[in-house]
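Use the sequences and the hints to build the structure in full.
Now for the letters of each chain:
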Amino acid sequence: MLEAIQQAATGLAIGSVYALVALAFSVTVRALNQINFATGELFMLGAYLGITLTATIGFPFWVAVIATAIAVSVIGVLFEKIAYRPLFRANAGHPGRLHILIICSTIGTSIFLQNAAMLIWGAQALPFPKVFDPEPFRFQGIVIPVEYFWVTGVAMVLMGALNVFLQGTWIGKGLRAAAQDRETAALMGVSLPAADSWTFGVSAGIGAVGGLLIGAMSFAYPTMGAAFVLKGFTAAIMGGLGSIRGAIVGGFLLGLAESLVIAFISSVYKDVVAFALLLVFLQFRPTGLLLKPVQTRV
Amino acid sequence: MTARHKGWFIFVVLALAVVPKLGTNPYALHVLSLVGIYAIVTMGLNLVFGYTGQISLGHAAYFAVGAYTSGILTLQLGAPFAVGMIAAVALAVVLGLLVGIPSLKLEGSYLAMATIGFGEIVKMLLVNWEHVTGGPAGISRIPHPGILGFTFNTADAKFYLILTFSAVAWLLYANLLMSHYGTRFIAVRDSAKAAAGMGIDVRRTKIQAFVFSTAYAGMAGALYAHLNRYIAPDAFHLGESINFLLIVVVGGMGTLLGPLMGSAIIVYLRESLLVLKDYNMLIFGLILMVLMVFMPRGLVGSAQLLVSKWRRRRA
Amino acid sequence: MATAQGMMLEVSALAKNFAGVAAVSDVSFGVSEGEIVSLIGPNGAGKTSVFNMITGFYSPDTGSIQYAGCELRGLEPFRIARLGVARTFQNLELFRDMTVEGNMQVACQCHSPISLGAAMFRSAAVRRRETEDAERIARLVDAVGLRQQLGSMASQLSYGAQRRLEIARAMATGARLLLLDEPTAGMSPAEVDEILDLAKKVRDSGVTILLIEHNMNLVMRVSDRIIVMDHGMKIADGEPAQIRRDARVRQAYLGTAG
Ligand SMILES: Nc1ncnc2c1ncn2[C@@H]1O[C@H](COP(=O)(O)OP(=O)(O)OP(=O)(O)O)[C@@H](O)[C@H]1O
Ligand SMILES: [Mg+2]
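Protein chains in written order, with my numbering: chain C, 1 to 298; chain L, 1 to 315; chain X, 1 to 258.
The set of hints was computed from the structure by calculation and includes no laboratory data.
Check each hint, because a few of them may be wrong.
As the list claims (entries may be wrong) - Here are the in silico distance ranges between beta carbons for each label pair:
1) C:A92 / X:G44: 26 to 32 Å
2) L:T2 / X:G74: 41 to 47 Å
3) C:S191 / X:G74: 47 to 53 Å
4) L:V307 / X:G44: 46 to 52 Å
5) L:V307 / X:G186: 30 to 36 Å
6) L:L97 / X:G44: 39 to 45 Å
7) L:T2 / X:D246: 55 to 61 Å
8) L:A17 / C:S218: 53 to 59 Å
9) C:Q167 / X:E194: 52 to 58 Å
10) X:R147 / C:L289: 53 to 59 Å
11) C:V164 / X:R250: 55 to 61 Å
12) X:V192 / C:R182: 32 to 38 Å
13) C:A92 / L:A17: 45 to 51 Å
For every residue, glycine included, the Cβ atom is placed at its ideal position computed from N, Cα and C.
Listed below in structure tokens is the structure:
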């Protein structure tokens, strides 16, 4: 039982990171019905930037989080302008082809960013500097490292901030309007190119913080994006791709499911859990737990 | 195929057949053989993806199943090459059906992710099922291919073997896609609704395309195992699936010649970028992004567009 | 109304709801062989939904659809097409990245016995069949005036030509019953007249037509019988002259409140 509680604490911390990656996906899917396959690499950049900012420059942890979020958001916006918008313009009449081209272009971006990271930070895994109290939190025989609280806490704060941003600010309202109906939003004066830039920026920033948090629990390496992208996507599907609440619910559920498998079965099967859940959900409930299935129009 | 197509086909095969006689070094022949193997995989993938519109980011898995099946059968059980080849194709097809049928409901990004997930599961199997697959170290000393007592043990001989396989694979693929029957694949891609309304069984068509492509991937995998004589899980990761997809896109998805051009260009690019050392994949990624923006139809598609514009201007 | 005698299509008590909205409720009608029957009604009346149920794209909540002695309800669209019921789509569903010829070739396969293997090896049967199909396609594109555009991309045709291609494509399936959903939408008056002639020619060649159409002039000139729908219900069914006089139809169209 103790083991299960112990693992559940880990599951919550990791789950909050999955939730952030799932959010990064859902933000672009909601707005543009596009998956950004470079999400994993933006996540990886977040981890490296976090390490550089805390270790080399000596920022406090929370400052590093904010700086990383902003820096990678800017990269996300650049990505939108360089790799996404020209494709969108040139293939607006061919939604099928556009979809494929964007997948390929974002794969190109992934390869580029992965190798750029390898050149800058090296191919080896980079540990996170010791910024947290090395003495873990102990309670009735349960031992939880301090960074787990930070990770879960930061993720929660970010989710809250995203909610406030989308519901409470006029930029957020514009994004929501554009996500619902682009034409109507444009008529109401929302600038669609600006909305798309914001979408990519917000998605990149959230993903990057996720990477930074995983970095804080372990370390950073150039190919870490690929491993977490599939987990994050699984979480997004479980909750309902495109739904903000769904992403959060899915993230925590997946984290808990994994930790329970470790507690009761074996850590060898930890990664199989996500793939299996992904395939099961795609097969039986592709709209996830929180969204309703719809009948397509003919 | 018209007479003109046949003429071109014979000309190209003969021209390639002369290459080893020009004193080409074994390394260059090996690379050219690889182009042939990639071309076979991507002909199949082009049918699924370029023509039928179903994305797959898991084709390295069928390629791997083909390679491991033939490798294990010929090495451990001493089966002849032909048996290994047939078993490789058969097993890849069975797996293809196993994945293809449940995937029918999925499209676009969902399908992309599901196929990635499936590919990862196969890779985990290759790594963890050690007593059969040799685990992370893989299988080495796979026998040279042999047919009717002749052993293909030189770079020249292997090149001819792979050239023959690619040429036959091409003939069947081109026949299919140039026939009226071939139009149903594009129909399913362009409008599944209208295709169904015209009496096309959309699900069956998608499965056919998928099975065709897994058969080709299995066949190419077997050839790869015997060309390289060494296989390990590392050669069949997600990056390889992505590579196959890129070949189709860069060559020109949904064009007959796309897989050939794409295989040649991507293999050549990767080899020639090697001089850039650490920067080679970085540049590769950049080239891809640029290609998507400036050549969305791929090499063959763009060339076709140019030719048709030029014709219209003259007319 | 006549009973099953001579009826090619008999729809009875058809109903379909979407999230509480009754798109179609309790609609029954029959179509006899060789007729042109028009299905008319204001926007949102449920006409396209009826087509979608006949052709298997929507599954009805209740009711039955008898066609030539077969129950169509529960069959998949491609099976219904193979039984001889073909349609066009209100919002144009051409194979856009294929030529006019390619579009026609797809439809010609509706009853084709050719297998994947035969196509890969290009057997004699394949070659024979393709020659036959080419002749059929030539006849059909002549009939709709698309001979010159045989090699053009479907997406490059004018709007009217795209509509005509959809009709020719539906006919290429060898259909006995043709369902046309607003074939003249967005056409010039001259083009509308061409469609009218075409419909009559098709009917005279022995194909039965069920037509959704907003152009009243065309409907009155071409129809043997007219069925009127409003708010998902059938409100009238009769010959053009009767329909013209029907009070409920006038009300539905003029929108008199009440
Ligand atoms: N797939 C669907 N999901 C939800 N509602 C639908 C769907 N298909 C049709 N409807 C609704 O059913 C009603 C009837 O629609 P239908 O398209 O059959 O009308 P119609 O008579 O063809 O109209 P129009 O002349 O505008 O084409 C409408 O209210 C429409 O919004
Ligand atoms: Mg309609």
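Here is how each hint holds up against the structure:
no.	hint	result
1	C:A92 / X:G44: 26 to 32 Å	holds (29 Å)
2	L:T2 / X:G74: 41 to 47 Å	holds (45 Å)
3	C:S191 / X:G74: 47 to 53 Å	holds (49 Å)
4	L:V307 / X:G44: 46 to 52 Å	holds (47 Å)
5	L:V307 / X:G186: 30 to 36 Å	holds (33 Å)
6	L:L97 / X:G44: 39 to 45 Å	holds (44 Å)
7	L:T2 / X:D246: 55 to 61 Å	holds (59 Å)
8	L:A17 / C:S218: 53 to 59 Å	holds (55 Å)
9	C:Q167 / X:E194: 52 to 58 Å	holds (55 Å)
10	X:R147 / C:L289: 53 to 59 Å	holds (56 Å)
11	C:V164 / X:R250: 55 to 61 Å	holds (56 Å)
12	X:V192 / C:R182: 32 to 38 Å	holds (34 Å)
13	C:A92 / L:A17: 45 to 51 Å	holds (46 Å)
Of the numbered hints listed earlier, not one is contradicted by the structure.
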